[in-house]
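Chemist: Okay, here's what each chain looks like letter by letter:
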Amino acid sequence: MSDAAIVYPGVAAPAGTPVTPHNIPHRGGPENPSASALAGQFKDAIKRVDVVWGETTVVIDPARLLDIVKWLHDDPSQRYDFLCDVTAVEFRDADIPLEVVWHLRSLPYRRFLRLKAELPKGAPLEVDSVWSIYKAADWLERECFDMFGIKFRGHPDLRRILMWEQYQEGYPLRKDFPLRGRFSRAEQLRQALAQNPEARYSMDELSIVEAFEDLPADMRQRLGRGEKTGE
Amino acid sequence: MADTRTLEVELSTTGLDAQGRPQRSPLTVASYPALEPDFADEHMLINIGPQHPATHGVLRLVLELDGETVVRCIPHIGYLHCGFEKIGEYRQYNQIIPWTDREDYLNSIGNNIAFALGAERLFGIEITERCTVLRVIAGELSRIISHLVWLGTTCIDIGAFTPFLWAFQERERVYDLLERWVGARLTTSATRVGGMAADIPDGWTAALDGFIKTFPQTIEQVDRMLTKNGIWVGRTVGLGVMSAEEATNYGLSGPMLRASGVAYDVRKDFPYLGYETYDFDVPVGTHGDVYDRYLVRMEELRQSVRILEQALARLPGGPVNVDDARVILPPKSKATSEMESMIHHFKQVMEGPRPPIGEAYVVVESPKGEKGYYMVSDGTSKPVRWRIRPPSFVNLAAIPKMVEGHLLSDVIAINASIDIVMGEIDR
Chain S
1 MSDAAIVYPG
11 VAAPAGTPVT
21 PHNIPHRGGP
31 ENPSASALAG
41 QFKDAIKRVD
51 VVWGETTVVI
61 DPARLLDIVK
71 WLHDDPSQRY
81 DFLCDVTAVE
91 FRDADIPLEV
101 VWHLRSLPYR
111 RFLRLKAELP
121 KGAPLEVDSV
131 WSIYKAADWL
141 ERECFDMFGI
151 KFRGHPDLRR
161 ILMWEQYQEG
171 YPLRKDFPLR
181 GRFSRAEQLR
191 QALAQNPEAR
201 YSMDELSIVE
211 AFEDLPADMR
221 QRLGRGEKTG
231 E
Chain U
1001 MADTRTLEVE
1011 LSTTGLDAQG
1021 RPQRSPLTVA
1031 SYPALEPDFA
1041 DEHMLINIGP
1051 QHPATHGVLR
1061 LVLELDGETV
1071 VRCIPHIGYL
1081 HCGFEKIGEY
1091 RQYNQIIPWT
1101 DREDYLNSIG
1111 NNIAFALGAE
1121 RLFGIEITER
1131 CTVLRVIAGE
1141 LSRIISHLVW
1151 LGTTCIDIGA
1161 FTPFLWAFQE
1171 RERVYDLLER
1181 WVGARLTTSA
1191 TRVGGMAADI
1201 PDGWTAALDG
1211 FIKTFPQTIE
1221 QVDRMLTKNG
1231 IWVGRTVGLG
1241 VMSAEEATNY
1251 GLSGPMLRAS
1261 GVAYDVRKDF
1271 PYLGYETYDF
1281 DVPVGTHGDV
1291 YDRYLVRMEE
1301 LRQSVRILEQ
1311 ALARLPGGPV
1321 NVDDARVILP
1331 PKSKATSEME
1341 SMIHHFKQVM
1351 EGPRPPIGEA
1361 YVVVESPKGE
1371 KGYYMVSDGT
1381 SKPVRWRIRP
1391 PSFVNLAAIP
1401 KMVEGHLLSD
1411 VIAINASIDI
1421 VMGEIDR
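Keeping their order, the protein sequence lines are chains S and U. Per this note's numbering: the first sequence = residues 1 to 231. Per this note's numbering: the second sequence = residues 1001 to 1427.
FYI, nobody ran anything at the bench for these hints, they're computed from the structure. Among the hints, erroneous ones may be present.
[As the list claims (entries may be wrong)] Only pairs whose alpha carbons sit at most 25 Å apart, straight line, appear in this in silico BS3-like list of lysine-lysine:
(1) S:175 <-> S:135
(2) S:116 <-> U:1401
(3) U:1213 <-> S:135
[Claimed, not checked] Taking beta-carbon pairs under 10 Å as the criterion, some of the chain S residues facing chain U (in silico):
(4) 52
(5) 71
(6) 77
(7) 83
(8) 99
(9) 177
[Claimed, not checked] Chain S is nowhere near these chain U residues, computed Cβ spacing over 10 Å in every case:
(10) 1053
(11) 1077
(12) 1081
(13) 1133
(14) 1229
(15) 1248
(16) 1249
(17) 1273
(18) 1276
(19) 1321
(20) 1322
(21) 1333
(22) 1338
(23) 1387
No residue lacks a Cβ here, since even glycine has one placed at the ideal position from N, Cα and C.
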């Protein structure tokens, strides 16, 4: 990051103190100025701009994601330096594409922007990682991968985070995942009991100690197959 | 970062350097010639948690150590994962509120408020004046509870036992207040979409007034005990430093971000509940270390008392709940005697209120940082997606960055300074 990126809200903020919003319209209302700036800068890559409940959503072409986020982060007129959240939305209607959502905040300008990329069903769920721009994306993208199965290209360490590494049932927040899980309680219990409590270190961690011979047999097999975590 | 600060250390221990840090003379292999020569470059793997009192829940840290210095830290989370977000997709909006108690359980009423604000945005509801002020009072009480627990547990981690008792004594007094109001200590479920579950009982404001008059004395007591204490200073100064750019880039929020010098407070920058009309300051640190995080949280306790005084002075009368038959149940007497009210009651209980198609990301300043709820409605009575943006989760993600290069014993202090609640991280 350049040294110009240091932020002190209130210094660069536009005149006037912010106030609690009241009587926000459902659709319409004032748009975040960054949306029109994006449309001017990236033209075709900006598919749609919505203002819902006072929040501006910009739907972008996933192929241009990194360019767009990098510009929003670096451009002195935007300075979106704070990544609130990376998440995804899958609708109950199976025809609607899955949406990946980035919530960005510009602390100096006190702006909030929602970026969305639509990933059609059927195609592989892949999108670029914004980890190279925001370190905050590390765990947020891992969680999104864990819960939705979306692969973030370029993430340094994309593996499950909330569920365990050997979790077999799929991606819990997908709509085709039943509330009680894919396996029966008996099967879940059987798998839990069959787990080797010693096999609780990731391959990464085991590389720290040269203790290959002391490992449990199933870990030795996995290491021997060249298996890596998160795949 | 050049550390130019001078601290007056009153209870100084021997061996403090000019910055007030305890001097550590590293043990070199040369001074112990009896050690085997290749022993020096062997790294050790050490596992802290998931069941360890200093990890504040079921956090597991795998550390690679070179002697006593942390070379690498790999955190593991998820031991408390119960799928709150998935369950939320099968619940009506008011039914989700009890779940919000159980994520950040030290700030349960704050989560209730955040969720209700989000749902009200989705429904397009404006809450009443009295409800707004009551929610400010509840939110600040909740901040006091959370910071007190942080203070007490961090003291225990670092080795001071007395402030823990003082902090938990005061915390019980706040819980007594909350219990009188909503009937529960931790699992408050205090809000409803469009209002509160209950108005405050008679005599409650006098009890609150008694609390905010005496509570500052405890803050000063702890302040006298810790702020210039040589041991406390030695265990906290210069640890886990995050610069302003790093803290912003890592997405830290709340006291973690402000200790690094970024004055971002949701209450000031994106106000809600009329926070812009209250007179309070946002404390900001300069060094971004554990000690500054302590100072920021102590000052936030004082500022919360200021907000409580103002809120109590202006508490207006009038109804707590909005007059909106879509979301607020009619009084029982009317539901059994009037046709209209009975239909409203039936529709709300059987179908649940239905917001229009839309989405909202509503944030509040929780004691841990920016707490956000992202809700997407497809027009049915259950959200199609309910996303929690947990501040502890994002703050904890920076722990490898903060502990690497420090001593093993400092990992405990740094981890304590993040103020994590595993219920919120794992959800």
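Chemist: Would residue 1053 (chain U) pass as off the interface with chain S, using Cβ distances and a cut of 10 Å?
Modeler: At about 20 Å from chain S, residue 1053 (chain U) clears the 10 Å cut-off, so the statement holds.
Chemist: Is the hinted pair residue 1213 (chain U) and residue 135 (chain S) satisfied, with a Cα-Cα distance of at most 25 Å?
Modeler: Distance ~43 Å between residue 1213 (chain U) and residue 135 (chain S) Cα, so the pair is violated.
Chemist: Going by Cβ atoms, does residue 1133 (chain U) stay more than 10 Å from chain S at every point?
Modeler: It holds; residue 1133 (chain U) is separated from chain S by about 13 Å at its closest Cβ, greater than 10 Å.
Chemist: Holds or violated: is the Cβ of residue 1229 (chain U) farther than 10 Å from all Cβ atoms of chain S?
Modeler: Holds, because the least Cβ-Cβ distance between residue 1229 (chain U) and chain S comes to about 31 Å, which exceeds 10 Å.
Chemist: Holds or violated: the hint that residue 52 (chain S) contacts chain U, with Cβ atoms closer than 10 Å.
Modeler: With a minimum Cβ separation of about 5 Å from chain U (threshold 10 Å), the hint on residue 52 (chain S) holds.
Chemist: Assess, step by step, whether the Cα of residue 175 (chain S) is no farther than 25 Å from the Cα of residue 135 (chain S), and give holds or violated.
Modeler: violated, 29 Å
Chemist: Test the statement that residue 1321 (chain U) is away from the interface with chain S: the closest C-beta pair must be farther apart than 10 Å.
Modeler: The claim holds: residue 1321 (chain U) sits with its nearest Cβ about 18 Å from chain S, beyond 10 Å.
Chemist: Report holds if the minimum CB distance from residue 1338 (chain U) to chain S is greater than 10 Å, and violated otherwise.
Modeler: It holds; residue 1338 (chain U) is separated from chain S by about 30 Å at its closest Cβ, greater than 10 Å.
Chemist: Was the hint right that residue 177 (chain S) lines chain U, CB cutoff 10 Å?
Modeler: holds, 8 Å
Chemist: Any Cβ of chain S at or closer than 10 Å to residue 1249 (chain U), or is the non-interface label fine?
Modeler: The claim breaks: residue 1249 (chain U) does not keep its Cβ more than 10 Å from every Cβ of chain S (closest is about 5 Å).
Chemist: For the restraint on residue 83 (chain S), tell me whether the closest CB of chain U is nearer than 10 Å.
Modeler: holds, 5 Å
Chemist: May I ask you to check that residue 1276 (chain U) keeps its beta-carbon over 10 Å from the closest beta-carbon of chain S?
Modeler: The claim is violated: residue 1276 (chain U) sits with its nearest Cβ about 5 Å from chain S, within 10 Å.
Hints 1, 2, 3, 5, 6, 11, 12, 15, 16, 17, 18 and 23 from the list above are not met by this structure, while the remaining hints are.
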